[in-house]
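First to last, the protein sequences are chains A and B.
According to the working numbering, the first sequence is numbered sequentially starting from 1.
According to the working numbering, the second sequence is numbered sequentially starting from 1001.
Honestly, the hints are just simulated from the structure, not real lab data.
By construction, the Cβ of each residue, glycine as well, lies at the ideal position given by its N, Cα and C atoms.
Treat the hints with care, as some may be off.
Stated by the list, open to error - Reference excerpt, derived from the structure (chain B facing chain A, CB under 8 Å, subset only):
| # | residue |
| --- | --- |
| 1 | S1115 |
| 2 | I1117 |
| 3 | V1140 |
| 4 | G1150 |
| 5 | Q1151 |
| 6 | C1163 |
| 7 | G1166 |
| 8 | E1170 |
| 9 | L1238 |
| 10 | M1240 |
| 11 | A1241 |
| 12 | L1244 |
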Amino acid sequence: MVCLVALVVIRHWKPEWAALLRMASTVVFFGIILSVAAELLSAVSGLCGDTLPEAQWSILLKALGIAFLTELTAGICRDSGEATLATWVETAGKLEILILALPLIRSVISLVGALISGAGS
Amino acid sequence: MRPHSEPQTIGRRIALKVIRTAGVLLFLLHALPALFTLSVGAEEGQAVNGGADAVIQAAEENITMPDAYTALPEALPDGMAELLPDGLFSNDPDQALSAVGELTSLPVMVSTLLSAIGLRLGDGLTLLGLLVGMILLAAVFRTVKESVGGQSGRLFGFCMKLCLYGATVELTVGMIDTVTAYFDQLTTLTAWLLPVMGTLFALGGNVTQAAVSEGILLTHLSAIQYISAAVTPPVCGLCMALSLLDGLNLQMRLSALTGWIKKTYTAFLGLVMFLLSAALGSQTILSARADSLRMKGIKYAVGSMLPVVGGAVSGTLGTVAAGISTLRSACGVCGIILIALLLLPALVQLLLMKQVIYLSAVIANFLNCDGEAHLLDEIAGLYGYLAAAVSICSVITVLALGILAGGSLALANA
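Using the sequences and the accompanying hints, generate a full structural model.
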């Protein structure tokens, strides 16, 4: 609420500072969310311990972080009136996640291939 | 003054007698218990000393189990050896004794018997725990994906599905290999019965009968078993692969193809059961037993428990019962028990795992994980097909063994 009120006031008096304030408040909120989510992440990683391999869990965590950062950055860009920049940020985020997911795609394809080749033999 | 002193003297004497008697009684009252205590204490001391001497003697003499006893585990099958408690075949007599005590306790005996027939509840609970864990993860990740939103959220959801679906299928894919090995065992056993039967009849001089009747019948049964065993694992593997791809939402609707393959396979199983019924109808060695109340109950139970071919298999139970009674005449109750221990574990394990996976699908539906629920439903259905094929092969094996036993008994009585 405080950030919102400050943004509205500063946009009225100093529009060029509004974008900076927006970015700063986003970073602060992101830090608060990370500190709150740390406990949730440790509980989920305990749940993952027996079900998912460590490598897969780390890929998922990185993909989640990239997805969050991408959406946040794209949102800031759109709010600042830079829609093209937002689109490029989203494209870069998607490519990053796809590159991260390549080992997973490879393992699923090899599993499907093994099942089908067992069917063919 | 003699008359006056006599009463006093008599009274004194009586009093002294009473006092002496009381004193003796008191002494005895205190002395006897002490004497008894001393003798019990001496006996206890002797017993303790004797036991300690025996222990010291055993330790000094280093009593151990004989080598032949410790070599027994090598003669046992691997699956049986792991069911027995640790230390049963140990060199140390105390460890062996405690293992025997553990083995003869009721809970261990019941769990060993259930494990021998394939009802491994521990494995089922472990699988259930893992699947429920994955479903909970899927529910958590789905919530996170929705909070991220946008294209990045959808891509993260795709990564999540890759992880979870791959892990789920990998957990259950080993069962297809196990069932394939089981089919190989049974088809080899049934195929080897043919030359054995031929040899027996040739020794008895009935070569024509062997070639025309029992040999053709056994060949027919062996062919049915081989076809159903050869077709089932590839079909299940293909359906599992298509279900995995369909669940990833790759813009390809593969569920229709999977459905068509399953319908075709169900029709194939129907054809197999028709051929089996025709073979049983043409043979005369095993006469189907009349339906008693107990047999009707068993037929109903088998028909409702076994998927796909339950009704058809329950129809052959009369002939199976005749085969079992022939086998009992030939090799006794122990032979029947051994055949049951050979055939039951795979079927019971498949039915147990199928129920576990169905339960996981219900939990996934409950948590709104529709994709995971659909995939688990598909996998449980495939387990049903595997159980159907296993039950057909098991029935054929019992019938083939019954025909062999019946033919051998007929030769022996001729």
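- request: Let me know if the C-beta of L1238(B) comes in closer than 8 Å to any C-beta of chain A, holds or violated.
  value: For L1238(B), the interface hint holds, since the closest Cβ of chain A sits about 4 Å away, which is under 8 Å.
- prompt: Any CB of chain A closer than 8 Å to the CB of E1170(B)?
  reply: holds, 6 Å
- prompt: Close enough to count: is the Cβ of V1140(B) nearer than 8 Å to one in chain A?
  reply: Interface hint status for V1140(B): holds (6 Å vs cutoff 8 Å).
- prompt: Taking the closest Cβ pair, is A1241(B) under 8 Å from chain A?
  reply: holds, 4 Å
query: When the nearest CB of chain A is found for C1163(B), is that gap smaller than 8 Å?
result: Cβ of C1163(B) sits 5 Å from chain A, so the hint holds.
message: Restraint: S1115(B) near chain A, CB-CB cut 8 Å. Satisfied or not?
response: Violated: closest Cβ of chain A sits about 23 Å from S1115(B), beyond 8 Å.
message: Using the nearest Cβ pair, does Q1151(B) come within less than 8 Å of chain A?
response: Since chain A brings a Cβ to about 6 Å from Q1151(B), closer than 8 Å, the hint holds.
message: For the restraint on G1150(B), tell me whether the closest CB of chain A is nearer than 8 Å.
response: holds, 5 Å
query: At a threshold of 8 Å, is the proposed contact between I1117(B) and chain A supported by beta-carbon distances?
result: Hint violated; I1117(B) Cβ to chain A Cβ min 28 Å, cut 8 Å.
message: Would the hint on G1166(B) be counted as holding, given a Cβ-Cβ threshold of 8 Å to chain A?
response: Holds: closest Cβ of chain A sits about 5 Å from G1166(B), inside 8 Å.
- request: Under 8 Å, Cβ to Cβ, is where L1244(B) needs to be relative to chain A, so tell me if that hint holds or is violated.
  value: holds, 6 Å
task: For the hint on M1240(B), just tell me whether its beta-carbon gets within less than 8 Å of chain A.
output: With a minimum Cβ separation of about 5 Å from chain A (threshold 8 Å), the hint on M1240(B) holds.
Hint violations for this structure: numbers 1 and 2, all remaining hints satisfied.
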